[in-house]
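Colleague: Generate the whole structure from the sequences, applying the supplied hints.
Okay, here's what each chain looks like letter by letter:
Protein chains: 2
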Amino acid sequence: MIKLLTVFCHRKNFRDKMLHKIINLTVRDVRFPTSLDQHGSDAMHTDPDYSAAYVVLDTDSGLTGFGLTFTLGKGTEIVVCAVEALARLVVGKCLQEIVSDFRGFYRLLTSDSQMRWLGPEKGVIHLATAAVLNAVWDLWARTEGKPLWKLLVDMEPKQLVSCIDFRYITDVLTEEEALGQIKDQMQKEGYPAYTTSCAWLGYPDEQLKQLCTDALKSGWTRFKVKVGADLEDDVRRCRIIRQMIGPDNTLMIDANQRWDVAEAISWVSKLAEFRPLWIEEPTSPDDILGHAAISKALAPLGIGVATGEQCQNRVMFKQFLQASALQFVQIDSCRLGSVNENLAVLLMAHKFNVPVCPHAGGVGLCELVQHLILFDYICVSADLRNRMCEYVDHLHEHFTCPVVIQDAHYMPPKDPGYSCEMLESTVIQHRNPIIENLKHESYEHVTH
Amino acid sequence: MIKLLTVFCHRKNFRDKMLHKIINLTVRDVRFPTSLDQHGSDAMHTDPDYSAAYVVLDTDSGLTGFGLTFTLGKGTEIVVCAVEALARLVVGKCLQEIVSDFRGFYRLLTSDSQMRWLGPEKGVIHLATAAVLNAVWDLWARTEGKPLWKLLVDMEPKQLVSCIDFRYITDVLTEEEALGQIKDQMQKEGYPAYTTSCAWLGYPDEQLKQLCTDALKSGWTRFKVKVGADLEDDVRRCRIIRQMIGPDNTLMIDANQRWDVAEAISWVSKLAEFRPLWIEEPTSPDDILGHAAISKALAPLGIGVATGEQCQNRVMFKQFLQASALQFVQIDSCRLGSVNENLAVLLMAHKFNVPVCPHAGGVGLCELVQHLILFDYICVSADLRNRMCEYVDHLHEHFTCPVVIQDAHYMPPKDPGYSCEMLESTVIQHRNPIIENLKHESYEHVTH
Chain D
1 MIKLLTVFCH
11 RKNFRDKMLH
21 KIINLTVRDV
31 RFPTSLDQHG
41 SDAMHTDPDY
51 SAAYVVLDTD
61 SGLTGFGLTF
71 TLGKGTEIVV
81 CAVEALARLV
91 VGKCLQEIVS
101 DFRGFYRLLT
111 SDSQMRWLGP
121 EKGVIHLATA
131 AVLNAVWDLW
141 ARTEGKPLWK
151 LLVDMEPKQL
161 VSCIDFRYIT
171 DVLTEEEALG
181 QIKDQMQKEG
191 YPAYTTSCAW
201 LGYPDEQLKQ
211 LCTDALKSGW
221 TRFKVKVGAD
231 LEDDVRRCRI
241 IRQMIGPDNT
251 LMIDANQRWD
261 VAEAISWVSK
271 LAEFRPLWIE
281 EPTSPDDILG
291 HAAISKALAP
301 LGIGVATGEQ
311 CQNRVMFKQF
321 LQASALQFVQ
331 IDSCRLGSVN
341 ENLAVLLMAH
351 KFNVPVCPHA
361 GGVGLCELVQ
371 HLILFDYICV
381 SADLRNRMCE
391 YVDHLHEHFT
401 CPVVIQDAHY
411 MPPKDPGYSC
421 EMLESTVIQH
431 RNPIIENLKH
441 ESYEHVTH
Chain W
1 MIKLLTVFCH
11 RKNFRDKMLH
21 KIINLTVRDV
31 RFPTSLDQHG
41 SDAMHTDPDY
51 SAAYVVLDTD
61 SGLTGFGLTF
71 TLGKGTEIVV
81 CAVEALARLV
91 VGKCLQEIVS
101 DFRGFYRLLT
111 SDSQMRWLGP
121 EKGVIHLATA
131 AVLNAVWDLW
141 ARTEGKPLWK
151 LLVDMEPKQL
161 VSCIDFRYIT
171 DVLTEEEALG
181 QIKDQMQKEG
191 YPAYTTSCAW
201 LGYPDEQLKQ
211 LCTDALKSGW
221 TRFKVKVGAD
231 LEDDVRRCRI
241 IRQMIGPDNT
251 LMIDANQRWD
261 VAEAISWVSK
271 LAEFRPLWIE
281 EPTSPDDILG
291 HAAISKALAP
301 LGIGVATGEQ
311 CQNRVMFKQF
321 LQASALQFVQ
331 IDSCRLGSVN
341 ENLAVLLMAH
351 KFNVPVCPHA
361 GGVGLCELVQ
371 HLILFDYICV
381 SADLRNRMCE
391 YVDHLHEHFT
401 CPVVIQDAHY
411 MPPKDPGYSC
421 EMLESTVIQH
431 RNPIIENLKH
441 ESYEHVTH
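Chains as they are written, first to last, in UniProt numbering: chain D, 1 to 448; chain W, 1 to 448.
Bear in mind the hints are in silico, worked out from the structure with no lab data behind them.
Some hints could be false.
Identical chains share a label here; the pair holds if one copy fits it or two copies do between them.
The calculated SDA-like cross-link candidates involving lysine to any residue, where the alpha carbons are at most 25 angstroms apart (straight line), are [unchecked claim]:
#1 Lys270 <-> Phe166
#2 Lys217 <-> Gly190
#3 Lys270 <-> Thr174
#4 Lys351 <-> Ala323
#5 Lys351 <-> Asp154
Modeller: As structure tokens, then:
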């Protein structure tokens, strides 16, 4: 098979010298000790070390693609191992060959006859798929000399839709319908953001107040608070934040899956006086009907339900929308199957008229998802009501093209690619060589 | 932490010499080239190599626990890597300490603050959890000198229920309710089985006829046929089988997730003339609402919907039951979190009055699941109507205590444990040393 592809690439080479054949895939386990200062702490994840399985694709043209998936520390080596297992499906392929049938390539990765048993399309194997495909999209955008959002915006709707695997979602969205939903209009404004940086669960009240004061000074108007470990604590912390930000700014609360269904309803009802716009992840990310019950119970209180950062794939998002189980769709650039699967979710959310407010933070998630939300605004929703993108101000300094936030807005990135290239010095310093399996680190394509 | 546990074990040692401290965990990648003869082939998995991540727990008492999770070949090394990541939570613990708070131990494995991001409770990390916990249950049964089903049947209902993590399912089943559902009655009969061995998708018609003839002679009365790749083929194959088995025997069909929702309804309607009892896995295993739509559409045709072998956890099963999305619950001993999570599903199925017909086959799945279905019959359902357990006659020769089938019934296993110990010669012969990461293979507990 590899030999055939090589022949195919060679033959096409006569017509086009820049096929960008992928000759090497490297994956590294990069970890940041964020738990030391309780950054990122919530009711279920008390000590996360923001980490990534970081993928680099080298091509014969000299261009390189960078991708990652986000993790919380321990176990990143499992995702690394999964990326290594996918590498054989990628190395040796030409970029043009991939993007000319991107749906086919997506399915090649997600529906391998033997490997799909490990998911399908969920958990470790899907996180690995995201890391690999994020690197492919980055490479593609770089070959076009465009930031990823611009690559998407400039693309023919037909080609865009051809990147989506519609398997299992045609009862809600067909290819023809999807085509009709993509707009051609074009705008260039910053995209509104909200901050989660002020109120991690492990922060003491004084730190919380100081961070709130600073954020208000920097123009932030929307704030998210972690809740769910202790009700009295939550009441106190929400009260502090609401007092700090005043009645007109926006407050959201996030339980990170801490509760069962009845518990969620009763707990959130007791926080209703602080007028949160949404409760995020009230229960298991798998519980569509549970979220529907919570949504129904909280609607009279004016509180919506948001979820998605651990929503495993488009099939689950489809059902959340069908069941009116969420009022805010929180796509994630690293849990879903990269841009391809996020396109499907953006289009379904639009069909159901539910606003998309992406999950970000972690490491690299802000850099990645800003591209998707810009595309959503320009080509799909054209609407900013109840729409905003999460922002957390950690670890951006490790990227070659970090996000730019001005007056609480994401400014559109200008550099070519998908913005997730890390500084090589960072990768060397934060690499986890003890656990990482060095001998399998790099795959060379041996048939030339 | 490990030091503390050691002290704890030492102190308890004065009262009880047999704490069975786990001093070593070994995991190996074992693969069988079943794809060579098209065994196991279906519409989505065209060339499976039945494989396992095979776990051995050594204790200081000399007793050993054996567990596995089933895979289809490629990627097994990822599950091995995940088992290695879980090993640190197991090695150094005493069995008595684990089983005296089994719910706590279950949650330790499934809700690690950093590792749960990789699931939670789904995909690779949950398969690894199953392998580890299957070995713990095997060890427990061996320390009691009982086959696992007998350990379960003899257990106080209160202790049984204390093994279940009720998080996220209390809206359907509480601990108190679960207690009320466990019966004390006791029966000892074989458990009815059905066979999938006659009609894998890749078998030619002559082979299918011959296998059918042989199976009828051996007393089989229930047969499953793989469908979904080509409608004409399916019609022909179903017609052959129905003619071979006659009007009174039972036929089931299995599409292995091949279709979208509308496609499933239309395709199965065209096979209705062959009167299948159920259509298995008509679409994505994640699509609860899709299965509900299919169930509703096929009910007038007298065809039920069965699913579960790729149902990721108890939260999904809960919703399948809530939404009347299945009429047959197919638990799996290796995808769910071992006995603990299967207990939760058996009890929920009983509450909804839906029969349980386990998934088996693969490698080791028949050996494992026979224990669960015996327990279900004796202590929960006490009912055989529409109940039967899948059987596939491959690879049993590799186990020290293989299943015994008599007249198409599973005969209750008598040897202590959970029946998944492989012959050491098999493990050596079928081990995958190229991919397996030898240097991480074995975890020694270093603090003594």
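Colleague: When no copy is specified for Lys270 and Phe166, does a C-alpha distance of 25 angstroms or less occur within a copy, between copies, both, or neither?
Modeller: For Lys270 and Phe166, the Cα distance is within 25 angstroms only across copies (24 angstroms; inside one copy 41 angstroms).
Colleague: If the cut is 25 angstroms between Cα atoms, do Lys351 and Ala323 qualify within a copy, between copies, both or neither?
Modeller: both (14 angstroms within a copy, 24 angstroms between copies)
Colleague: How do Lys217 and Gly190 come out at 25 angstroms by Cα distance, when the copy is not named: within, between, both, or neither?
Modeller: within (19 angstroms within a copy, 74 angstroms between copies)
Colleague: My question is about Lys270 and Thr174: at a cut-off of 25 angstroms on alpha-carbon distance, are they close within one copy, between copies, both, or neither?
Modeller: between (42 angstroms within a copy, 23 angstroms between copies)
Colleague: At most 25 angstroms between C-alpha atoms: does Lys351 with Asp154 qualify within a copy, between copies, both, or neither?
Modeller: The answer is within: 22 angstroms in one copy meets 25 angstroms, while 54 angstroms across copies does not.
Of the numbered hints stated above, none is contradicted by the structure.
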